[in-house]
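Visitor: Sequence:
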Amino acid sequence: MVRIKPAILGGDPVRQDYLIFGKPEIKDEEINEVASVLKSGWIGTGPKTQLFEKEFAEYIGVKHALALSSCTAGLHLALLVHGIGREDEVITTTFTFAATANAIHCAGAVPVFADINPFSFNISPESVKEKITRKTKAIIPVHFSGRPCDMRSLEEIAKENGIAIIEDAAHALGAEYGGRKIGNLGNLTSFSFYPNKTITSIKGGMLTTDDDELARQIKILSNQGLSSTAYERHRNDNAYEICVPGFEYSMTDVQAAVGLPQLKRLEYNLKKREKICMLYNDAFKGLPLDTPEIIGNNQMHSYHLYNILLHLDEMSISRDNFKQALEAENIGSGVHYIPLHLHKFYRDHYGYKKGDFPCAEHAGERILSLPLSHALGSDDIEDVVNGVTKIITYYQK
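Its first residue numbered 369, the sequence shown is counted upward by one per residue in my numbering.
Hints were generated in silico from the structure; no laboratory data involved. Hints are supplied without guarantee of correctness; some may be wrong.
[Unchecked claim] Straight-line distance between alpha carbons at most 25 Å, and here's what the computed SDA-like set of lysine to any residue pairs gives:
| hint | residue 1 | residue 2 |
| --- | --- | --- |
| 1 | Lys643 | Lys527 |
| 2 | Lys765 | Met683 |
| 3 | Lys691 | Ile388 |
| 4 | Lys373 | Ser404 |
[Claimed, not checked] Derived DEER-like restraints, expressed as beta-carbon distance ranges:
| hint | residue 1 | residue 2 | range |
| --- | --- | --- | --- |
| 5 | Glu609 | Glu397 | 35 to 41 Å |
| 6 | Gly723 | Lys503 | 22 to 28 Å |
| 7 | Asp681 | Asn649 | 17 to 23 Å |
| 8 | Lys499 | Ser408 | 47 to 53 Å |
| 9 | Ile570 | Val703 | 21 to 27 Å |
| 10 | Glu494 | His679 | 22 to 28 Å |
| 11 | Gly530 | Glu494 | 17 to 23 Å |
| 12 | Lys653 | Asp688 | 21 to 27 Å |
| 13 | Glu581 | Gln384 | 54 to 60 Å |
| 14 | Lys632 | Ser686 | 38 to 44 Å |
As the structure is a prediction and not an experimental result, all values here were calculated from the model. Virtual Cβ for every residue (Gly too), placed ideally from N, Cα, C.
Build out the structure end to end from the sequences listed, making use of the hints.
Guide: The following block contains the structure:
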């Protein structure tokens, strides 16, 4: 076993320029679309946003797709239209981004965390069952990294207890469960278009549903509670009425102009991301780490993240120091996630403590997300493999 000195200790880095962890791909088509919108004089919510909603709904296979400012906004609105608020409890995974629990808290409800399956990193239905009380009003499963949750089990739990499911699909655009697209399983589902996602609108989100009444309420709430958008009033010369107190959660046509061409390339890019993940899997065989679990039958992964789980007992380095060493090789990486119950706000406000969710804590100390983007070239992929192998080999016991 040849040990090469890592760059963090003074060795030469595997690459000279820095590789962004989640590099977005912006092509001339997006730039031209944005320029066209800017020249049109209508840059707020308007025809491009409407077209984006229409094409997104067709892709998912639902009646309604509502373009919003973020996935977080979608989760917040989904909770509100389900009538969830003060003193209600909503169960979600502790192994997720802040947005999931923040939306619950901002709706006035109490986020109740559940542990994860140690192999898929998705919410554990068994843990969910243990957390249900008479105050439970909803479950928010997060399709971690783009792998669908065990929706059959979660739907059974929800049905038995008369509670709603709201899906956090921030990672899961293009994923499928039971032969149906995530977002088309009968639940309000919120998607993210953040820069490192499978498609981006710089920032933004989309909420999908087949329910006409929920769609109507969401549209009003996302537009300051007004009965019509500025574009609709511009077209029809009608006055608006304030129906309810609402929020400024709408998407702009500039954002939609970025998202539309990306949506057209989505299926091609999903295949490219899958190929990159398979190359990583093959390259890392035999190293002291776990690669992502194989997807189940009748499911489809959207490959938003590629996570490895380091065997720290076989290395003389922590996950955080491993990440720093990889940065010194000019390779970006991410930690998805430090479990939410270990963060100060949720410890102090809700009384969570270390030891509450052992599977999530085990993963949270060892997980690392490697660069994954359809913008990656073959040299980038080779550099990632070489960088990870170099660091592991040097620090392996």
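Visitor: Under the criterion that the straight-line Cα-Cα distance not exceed 25 Å, is the pair Lys691, Ile388 satisfied?
Guide: Holds - the C-alpha atoms of Ile388 and Lys691 are around 13 Å apart, at most 25 Å.
Visitor: Are the Cα atoms of Lys643 and Lys527 separated by 25 Å or less?
Guide: This hinted pair is violated, its Cα atoms lying about 38 Å apart.
Visitor: Confirm or reject the claim that Lys499 and Ser408 have a C-beta distance inside 47 to 53 Å.
Guide: Holds, at about 50 Å.
Visitor: Holds or violated: Lys765 and Met683, Cα atoms, limit 25 Å.
Guide: holds, 5 Å
Visitor: Check the following: the C-beta atoms of Asp681 and Asn649 are separated by a distance inside 17 to 23 Å.
Guide: holds, 22 Å
Visitor: Range first: 17 to 23 Å. Now tell me if the beta carbons of Gly530 and Glu494 are that far apart.
Guide: holds, 20 Å
Visitor: For the hint 38 to 44 Å, verify it against the beta carbon of Lys632 and that of Ser686.
Guide: Given range 38 to 44 Å: holds, Cβ gap about 43 Å.
Visitor: Is the straight-line distance between the alpha-carbon of Lys373 and that of Ser404 25 Å or less?
Guide: violated, 51 Å
Visitor: Just tell me: holds or violated, for the beta carbon distance of Ile570 and Val703 against 21 to 27 Å?
Guide: holds, 23 Å
Visitor: When you take the CB atoms of Lys653 and Asp688, is the distance between them in 21 to 27 Å?
Guide: holds, 25 Å
Visitor: Lying within 54 to 60 Å: is that true of the beta-carbon distance Glu581 to Gln384?
Guide: 57 Å Cβ-Cβ, so the 54 to 60 Å window holds.
Visitor: So the hint says 35 to 41 Å: do the beta-carbon atoms of Glu609 and Glu397 match that?
Guide: holds, 39 Å
Hint compliance for this structure: hints 1, 4 are not met, and every other hint is.
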